[in-house]
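Peer 1: Chains as they are written, first to last, in the numbering used here: chain Y, 1 to 327; chain U, 1 to 307; chain D, 1 to 388.
To be clear, the hints were calculated from the coordinates, so they are not data collected in a lab. Where hints are given, some of them may not hold.
Listed next, the in silico BS3-like pairs over lysine-lysine satisfying Cα-Cα at most 27 Å (straight line) [said to hold, decoys possible]: (1) LYS371/D to LYS167/Y; (2) LYS167/Y to LYS108/D; (3) LYS161/D to LYS90/D; (4) LYS356/D to LYS167/Y; (5) LYS383/D to LYS364/D; (6) LYS364/D to LYS241/D; (7) LYS371/D to LYS173/D; (8) LYS167/Y to LYS90/D; (9) LYS130/D to LYS364/D.
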Amino acid sequence: MTDTTLIAPQRKPHALELAPVFIFLVLALAPVAAAFGPETYLLGLFTRVMVFAIAALALDFICGYGGLVSFGHAAFVGIGAYSVGILSAHGVTDILISLPVALAASAIFAYLTGTVCLRTKSVYFIMITLAFGQMVYFVAGSLAPYGGDDGMTLQVRSTLLGFQPFKNDRVFYYAVLLFLLAAYLACRAIVASRFGRVFRGAKENPVRMATIGYDVFKYQRIAYVIAGMIGGLAGFLLANVVEFVSPAYMSWQRSGELIIMVLFGGIGTLYGAIVGAAAFLLLEDGLGSITENWKLIFGPMLVLIVLFARGGVVGLIERLTGRAGRG
Amino acid sequence: MSLSLLFVQTLNGLQFGVLLFLIAAGLTLVFGVMDFINLAHGVQYMLGAYLAVMFYALTGNFLVALVLALAAALVFGLLLEFVVFRHLYERDHLEQVIATFGIIMFLNQGVKVVWGAAPLSLPIPEMLSGTIVLMPGILYPVWRLVIIGSGLGVGLILYLLVTQTRVGMLVRAGATNARIVSALGVDIRRLFMIVFGFGTMLAAFAGVMIAPILSVEPGMGDGVLILAFVVIVIGGIGSMRGAFIAALLIGLVDTLGRSFAIDILRLVMPPSPARTVGPAIASMLIYVLMALVLYFRPAGLFPVRGR
Amino acid sequence: MVKVLMTSVAAVALLIGQAQAQEKLKIGVVTTLSGPAAVLGQQLRNGLQLAIKNSDGKLGGREVQLIVEDDELKPDVAVSKAKALIDRDKVDFVVGPIFSNILVAIMKPVTDGGAILISPNAGTSNFAGKDCNANFFVTSYQNDQNHEVMGKYAQDAGMKKVFIMAPNYPAGKDSLAGFKRFFKGELADEVYVPLGQLDYSAELSKIAAASPDAVFVFLPGGMGVNFVKQFRQAGLADKVKFLSAFTVDESTLPAQKEAALGFFGGANWAPNLDNPQNKKFVADYEKEYNAVPATYAFQSYDAALLIDGALKATKGNTADKDALRAAMMKAPFTSLRGAFKFNTNHYPIQDFYQVKVAARADGKFQTEIDKKVFANYADPYAKDCPMK
Numbered sequence: 001m002t003d004t005t006l007i008a009p010q011r012k013p014h015a016l017e018l019a020p021v022f023i024f025l026v027l028a029l030a031p032v033a034a035a036f037g038p039e040t041y042l043l044g045l046f047t048r049v050m051v052f053a054i055a056a057l058a059l060d061f062i063c064g065y066g067g068l069v070s071f072g073h074a075a076f077v078g079i080g081a082y083s084v085g086i087l088s089a090h091g092v093t094d095i096l097i098s099l100p101v102a103l104a105a106s107a108i109f110a111y112l113t114g115t116v117c118l119r120t121k122s123v124y125f126i127m128i129t130l131a132f133g134q135m136v137y138f139v140a141g142s143l144a145p146y147g148g149d150d151g152m153t154l155q156v157r158s159t160l161l162g163f164q165p166f167k168n169d170r171v172f173y174y175a176v177l178l179f180l181l182a183a184y185l186a187c188r189a190i191v192a193s194r195f196g197r198v199f200r201g202a203k204e205n206p207v208r209m210a211t212i213g214y215d216v217f218k219y220q221r222i223a224y225v226i227a228g229m230i231g232g233l234a235g236f237l238l239a240n241v242v243e244f245v246s247p248a249y250m251s252w253q254r255s256g257e258l259i260i261m262v263l264f265g266g267i268g269t270l271y272g273a274i275v276g277a278a279a280f281l282l283l284e285d286g287l288g289s290i291t292e293n294w295k296l297i298f299g300p301m302l303v304l305i306v307l308f309a310r311g312g313v314v315g316l317i318e319r320l321t322g323r324a325g326r327g
Numbered sequence: 001m002s003l004s005l006l007f008v009q010t011l012n013g014l015q016f017g018v019l020l021f022l023i024a025a026g027l028t029l030v031f032g033v034m035d036f037i038n039l040a041h042g043v044q045y046m047l048g049a050y051l052a053v054m055f056y057a058l059t060g061n062f063l064v065a066l067v068l069a070l071a072a073a074l075v076f077g078l079l080l081e082f083v084v085f086r087h088l089y090e091r092d093h094l095e096q097v098i099a100t101f102g103i104i105m106f107l108n109q110g111v112k113v114v115w116g117a118a119p120l121s122l123p124i125p126e127m128l129s130g131t132i133v134l135m136p137g138i139l140y141p142v143w144r145l146v147i148i149g150s151g152l153g154v155g156l157i158l159y160l161l162v163t164q165t166r167v168g169m170l171v172r173a174g175a176t177n178a179r180i181v182s183a184l185g186v187d188i189r190r191l192f193m194i195v196f197g198f199g200t201m202l203a204a205f206a207g208v209m210i211a212p213i214l215s216v217e218p219g220m221g222d223g224v225l226i227l228a229f230v231v232i233v234i235g236g237i238g239s240m241r242g243a244f245i246a247a248l249l250i251g252l253v254d255t256l257g258r259s260f261a262i263d264i265l266r267l268v269m270p271p272s273p274a275r276t277v278g279p280a281i282a283s284m285l286i287y288v289l290m291a292l293v294l295y296f297r298p299a300g301l302f303p304v305r306g307r
Numbered sequence: 001m002v003k004v005l006m007t008s009v010a011a012v013a014l015l016i017g018q019a020q021a022q023e024k025l026k027i028g029v030v031t032t033l034s035g036p037a038a039v040l041g042q043q044l045r046n047g048l049q050l051a052i053k054n055s056d057g058k059l060g061g062r063e064v065q066l067i068v069e070d071d072e073l074k075p076d077v078a079v080s081k082a083k084a085l086i087d088r089d090k091v092d093f094v095v096g097p098i099f100s101n102i103l104v105a106i107m108k109p110v111t112d113g114g115a116i117l118i119s120p121n122a123g124t125s126n127f128a129g130k131d132c133n134a135n136f137f138v139t140s141y142q143n144d145q146n147h148e149v150m151g152k153y154a155q156d157a158g159m160k161k162v163f164i165m166a167p168n169y170p171a172g173k174d175s176l177a178g179f180k181r182f183f184k185g186e187l188a189d190e191v192y193v194p195l196g197q198l199d200y201s202a203e204l205s206k207i208a209a210a211s212p213d214a215v216f217v218f219l220p221g222g223m224g225v226n227f228v229k230q231f232r233q234a235g236l237a238d239k240v241k242f243l244s245a246f247t248v249d250e251s252t253l254p255a256q257k258e259a260a261l262g263f264f265g266g267a268n269w270a271p272n273l274d275n276p277q278n279k280k281f282v283a284d285y286e287k288e289y290n291a292v293p294a295t296y297a298f299q300s301y302d303a304a305l306l307i308d309g310a311l312k313a314t315k316g317n318t319a320d321k322d323a324l325r326a327a328m329m330k331a332p333f334t335s336l337r338g339a340f341k342f343n344t345n346h347y348p349i350q351d352f353y354q355v356k357v358a359a360r361a362d363g364k365f366q367t368e369i370d371k372k373v374f375a376n377y378a379d380p381y382a383k384d385c386p387m388k
């Protein structure tokens, strides 16, 4: 069986190293440009892009560096969103309570399901994570007091000590940007750490890592919990962006879209996930406004990317700039 | 809950299982031999159903429509293989997933453009459209028995093909270790094309057989695809026997769960919450089953050796 | 090439000329155009487009620009698209959506954004009651009502035992609650199936074992197609009466065909409803789209008529929202369903019928009015609405 991994090309110090800096600069300046257009809509769109980027980032972390392809990652997004929704239905809107609850809930879920899922490998892992994702999906759909399958509207965005800083779209935008930056830096730091080396090593050769004396399972489970918590963070933010919570956030199609975002951007690069999320959602929005049959364009695009642009958008840029550099 | 109802529901469960096996057989074959995750299997099933509806409208004969639909599906499948899939065999699973997902998107929208968004239907052939009395007061549609029969037939044919023929031997060898088969001088590319074409026909056949009882609509293959994956994963990827047994298991668990979950819950809780909790649990059952199986047997019930 | 250039120059000039004459009336549409439910979303869009076409591209004397967005049946996508309509396109009206969960999601962004939301299908109980909204109008019904029609019919027909079934989601529960509000006989069983279920053999066996007088089901879209075919195949159609809501209608009949003949539904309209405006509508729709219109199309056609009538009253002015709302409240148009007025909660007061599936001479199928069940019927939630 071929490995479910892409071996990241050995990169030399290169202009592309600046890519993450560039991406975050663009994101930081985007609201300035948005102010000249339909601001609420553009800010909302970009905020949503960043939220999905956080979720995709978490997936890239376990998938690109650990070889753990989760087909149930949307479940964490849903758990985070429902934490906000359910607390808010009981009058608790303060971020100091709802965010920790969202993170804790997804961490617990990740720990429990990770214990089961990580016994399996490759395709079996994909399917067992799908199974748990589906279970959470059906549970959410049967939560009649919280809107069941219809979902529920949040009356207000999360508050902070009685204030409503997120009510302002720009403030909220920058808050999400900070969360994204924090998640990115955290993932990067973890990947580069001793922990990350073991985790990455377990992807290439779990037997060797075990022989050296590392309990691979434990490392993978910790990474899975971290990814789950970041997914929960994305869910917490998504509930606030849309001001609505729904089981639709955790359907298996959503998990599939997250995988596509990661691949679209370029797996195993972290910032590729951000590019992928942006490309996916902006294409969905843009093509959708050109024709209602936008999937006729989008579908073949995915095929072409796989066939001709290995490594996703980032890989493509890498090769183009590399070629340009060589003259 | 009477004994006769239990009997009928068991039969229903087996029938749903056979239906799932029809869809899962091609998937596990392609996956097992070629190590290729073909998410587009579901849309090939959908395409089979649509083609049958179209050819039925043209010819008015179910059998002719079935044959033409299979032929057309095969041609289309081989075309897809030639243009896209052939270049994906060497790629890793994730890339296969994303490319075949793109094909799902394209075809789901494509059938909408060609045949419209409204659901279509395929009638049951006249002579098979009645019901028979299984036991006093309980009727059973003949077509469902035909589905059971054709599913068992497909199972038998596959069994004979795999165990008795040379291609079958290569398929078995390929499922265990494709590299060595290729090193022994077998034209693996041709083998793959045959297997893929056969898988496509199986998907289309399932679509045609099921079209008379289900609505033919865009996206009809998506939910079924997930169920088929659950089946082949529980069975052990590449194992035909595993897929058969897992399909029956899932058919039974799902149908019996749906039929009796509420009655069982009523024993332990008041009727009203039982009515809402019951269906939620019933829809989760197959996933719980899959998680349990994989927990105790991480490579499915009948793991194929060598992977 | 020169010719193309010339025509485009002319077109641009024409466009500029029009813009100077009067600003276009922008109407946003949020509807489901992907996935299996697209057939309903298309009917909604078609109904609107037909109404606008029939009045020469104008509503209330103003040139109309229709901006159609696909909600993909995803609440977060719907909210983003709704915000785009409000903020980017600055629409005055949003018409849509099909599904209740999308309605719940887009309500706040649309009405807070200052546009008027007209629902040509979804009509949830919360917005009919305590959460009613001044900027929200409904041209369809309150979600429970079609189910109540069937309950009343079963009760009046003296049925003793009915088997009821719906998907396990809020609309499904509302449906069966609506049926039970009027039906007081015995329930053979009350079954909730997972949304999107394919095979109903387990439920059909239960029905056969219970042998009720009738079944009442709410199985929208493809679920209904599957169930109706399998119900007929199981040989139950001759023994058990088939009552339903949103299960046999013109969007599903092309697939159900003979299998649904003689089955009953509850509705506020049918293609053969006898009045001149409806006859014209059905004929026009069939000519334009080569399909029989369902309630979704007629209700969005009515939504366009509502906008037209209200703008005529305000002389095309959409800036003064109070005046616009007051004009809309008067329901200044001739509805395709005949008698129509708005209740205090902006939901309709209208007649409801029991409809029956029939084959037409041209081989197509449609629902036809069988019996009027409710006259001038208002939903029971209006009393909880603070708007007076």
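Peer 1: If a hint holds in the structure, say so; if it doesn't, say that too.
Peer 2: Right, here's what the structure says about each hint:
1. LYS371/D to LYS167/Y: 52 Å, violated
2. LYS167/Y to LYS108/D: 14 Å, holds
3. LYS161/D to LYS90/D: Distance of about 53 Å is beyond 27 Å: violated.
4. LYS356/D to LYS167/Y: 51 Å, violated
5. LYS383/D to LYS364/D: 42 Å, violated
6. LYS364/D to LYS241/D: 23 Å, holds
7. LYS371/D to LYS173/D: 26 Å, holds
8. LYS167/Y to LYS90/D: 21 Å, holds
9. LYS130/D to LYS364/D: 43 Å, violated
Going through the hint list in order, the structure does not satisfy hints 1, 3, 4, 5 and 9.
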